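Trainee: So you can see what is in the structure, the chains are spelled out below.
There are 2 protein chains.
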Amino acid sequence: MEREIKATAPGSAAASELFQLLRDGVPRTRAELASITGLARSTVALRLDALLELDLITPIGAASSSGGRPPSQYALNPSARVVVGADLGATHATIGVADLSGAIQVTRRTARPIAEGPDVVLAWFAQETRELLSGLGRTPADILAVGMGLPGPVEHDTGRPTNPPIMPGWDGFDVPGWVHREFGVKALVDNDVNIMAIGEQSRAFPTATDVLFVKVATGIGAGIISGGVLQRGAQGSAGDIGHVRIERGAHVPCRCGNFGCLEAMASGPAIAAQLRASGTDVQSMGDVSDLVRAGDLDSIRAVRQAGKDIGEVLATCVSLINPSIIVLGGSVSRVGEHLLAGVREVVYQRSSPLASQHLSIVQSQANEDAAVIGASILALQHALSPESIDEMSARRSA
Amino acid sequence: MEREIKATAPGSAAASELFQLLRDGVPRTRAELASITGLARSTVALRLDALLELDLITPIGAASSSGGRPPSQYALNPSARVVVGADLGATHATIGVADLSGAIQVTRRTARPIAEGPDVVLAWFAQETRELLSGLGRTPADILAVGMGLPGPVEHDTGRPTNPPIMPGWDGFDVPGWVHREFGVKALVDNDVNIMAIGEQSRAFPTATDVLFVKVATGIGAGIISGGVLQRGAQGSAGDIGHVRIERGAHVPCRCGNFGCLEAMASGPAIAAQLRASGTDVQSMGDVSDLVRAGDLDSIRAVRQAGKDIGEVLATCVSLINPSIIVLGGSVSRVGEHLLAGVREVVYQRSSPLASQHLSIVQSQANEDAAVIGASILALQHALSPESIDEMSARRSA
DNA sequence: AGACTTTGTCCGAAAAACAATCAAAAGTAT
DNA sequence: ATACTTTTGATTGTTTTTCGGACAAAGTCT
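Top line first, the protein sequences correspond to chains E and P. Read in order, the letters of the first sequence are residues 1 to 398 in the numbering used here. Read in order, the letters of the second sequence are residues 1001 to 1398 in the numbering used here.
These aren't lab readings, by the way, just hints derived from the structure by calculation. These numbers come from a predicted model, not from an experiment. Glycine residues also receive a C-beta, built at the ideal position from the N, C-alpha and C atoms. A couple of the hints might just be wrong.
Facing chain E, according to a computed beta carbon distance under 7 Å, are these residues of chain P, among others [said to hold, decoys possible]: (1) 1037; (2) 1180; (3) 1182; (4) 1231; (5) 1233; (6) 1354; (7) 1355.
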């Protein structure tokens, strides 16, 4: 026995179904909606009223007449509410506010070490969010949900980081609980690479169902979208390819304790270290980037070799999950085409024709925005789900 | 406009929803069903009637009384109809008939080379199926759907093999069309490794959502179940790990044209070839198995090395998709623990603690039946889907 | 301007689900 | 053995939801 909601306005009950159709933002007439859903025109009218009442849908001007009275069109009202998408990285944090269509309204990127711990970082996050909102003429009450990416393994169901290597104080911290106490809404938390994968797929390849997003920066990780859904694996550690062993590095130690890890050979710090060892004066990956752009051959060769190392692992990934697109993101991928060239060289050589003939390997197009976009989408997926919409209309009519 | 079904019997409309609850075969009383679904007892009664009418549900004796009148229980009627599951392998074919609970009623395994082409093989399949059915006192009219596994890449949506290397004459052949003309039902066709993965998961690990099934026989392939669903990839070639390159084989040519493929190093024929090269008199993998069982050290070493080779690839797979169980199947895996030991050695050494601490690596438990079970499940998934049930009740009341 | 077409709304009819009632079937107590 | 209690399973009237037609409104076309 768990049904208490009685005072439902007429039509509101199943209005969420109609809403799912309109989530894409495409304006439609009542007649179109009726023929798509198979419902009677009167029923559509009833449900539309409920959605208009919630302000989730707005009438958009009139469509052109086909001989008779011109129909009015209805579409998602993107500015009814907002979601917050945050990417809390190792050293920098980006917070964005998106409307209901997923369009980012504003973002702000700030230096903010995750190592300051959850209380400090989240308090800052809340403060920053309030500022961004008031800058948009919004209040925290407009927030429907929060999406958040963290630089470590996260148990997505509970939103708690699990044994994160670089997030002291965050292990097991109840992030959604904190957010709920602060803003009264649900928070969806995930690994930062996962939200980047979602963001990139939605922004650049909305029709692709099998995308492998690879982030190459301080570490190396992948986000896997298969069959249109993000794959997290049994413990949520799917995509952790940074510590896969590669041939070239048999005797190079990695901070994980093993030898020959991809991350010890092809990450930003690893590339810089290799160049330093061969006598080039570089401090960080930033210096390497400058040298590559200046045409320094050693640096170019090192980056391309890193690409080949990554390609070695990705070749196996291609055979295993058969994606149609591999996207390279992260700071190292922005060095230019050299990394990409190395990856392509190895992947296309080693993959079976069936898997590689339709495979594109490209650079991230969403780049820095990918994470915030992905976090917003995670939030929207929850906030605009049929269940959430039903709950909204139930609350409204109560 | 696409609604024509008007003459629906009362309650039949949404009866499929109730049916999904009862698919597990667990008997339930009307009161239980009402409290689970949240529907009124009278509504449950109405829908149950519709399902009883279709014979999909039977009353099972009475449950024990709790002081008053004992309730009668209702459960799936497994023997109402059947599905056919077939595994058409390279040289042998297995056909099975399962009831609606997925329990295999009868199987028959016969030497039948797939290379005879679709017309010959499928005609034989149809004939064999009829015989099996009449042996069970059934007719082809009892078939709800057919599931089928083929030894090559299959475009699952259309059921057509695509560029299969060992199936002359099958490329692009419309298998579901053929089956539909013969039996009037839908056929679900997939790669044989995929159906084995489904079968193994359902039989041995029904609660696991992330399972990697690896078949080691003449070839090497994997079936991936992630998040509870089989992953097929963009072109349906997900799991084709046979031609991933491994370190040890840098100079060993593979029939695919590349060098160092896993299949060229660790498949049944490859193990036999390596032993022959080192002077052991073996013709096939069968001979190797005999030697291993007899305790021949060279053979054991060769098998264990194959396990380590496979483990090398699987270590990457574990990092990438984070399964909770890896199952080894196929003829080579039946040699004993030696292959498994090799796999475990490498996988546990190379995987991150987070991914491997909850990882089991085991031998197939369903073994030969896995494929037929999986094919049956594929058929049942379709045949007992809400849509199919709705269609059945619509036809019934028409 | 008038005929025509299509939309948007209203309203009664039909269908579905609900809630309450009641007889039947068993166990339990006397 | 009989009365009583409890819970099922069927029935009936009520409420909610959806449908389908009717009709006015708002345009286009001649």
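Trainee: Now tell me if each hint is right for this structure.
Mentor: Hint check:
The interface hint given for residue 1037 of chain P is broken, as the beta carbon of that residue sits about 11 Å from the closest beta carbon of chain E, more than 7 Å. With 7 Å as the threshold, the beta carbon of residue 1180 of chain P stays out of range of chain E, its nearest partner Cβ sitting at about 26 Å, so the hint is violated. Annotation: residue 1182 of chain P was flagged as interfacial toward chain E, and the flag is violated, the nearest CB pair being 29 Å apart, outside 7 Å. With 7 Å as the threshold, the beta carbon of residue 1231 of chain P comes within range of chain E, its nearest partner Cβ sitting at about 5 Å, so the hint holds.
Because the beta carbon of residue 1233 of chain P sits about 3 Å from the nearest beta carbon in chain E, less than 7 Å, this interface hint is met. Among the interface hints, the one on residue 1354 of chain P holds; its C-beta lies about 5 Å from the nearest C-beta in chain E, closer than the 7 Å criterion. Nearest Cβ of chain E to the Cβ of residue 1355 of chain P: about 5 Å, under the 7 Å cut. The hint holds.
Violated hints for the displayed structure, listed by number in ascending order: 1, 2, 3.
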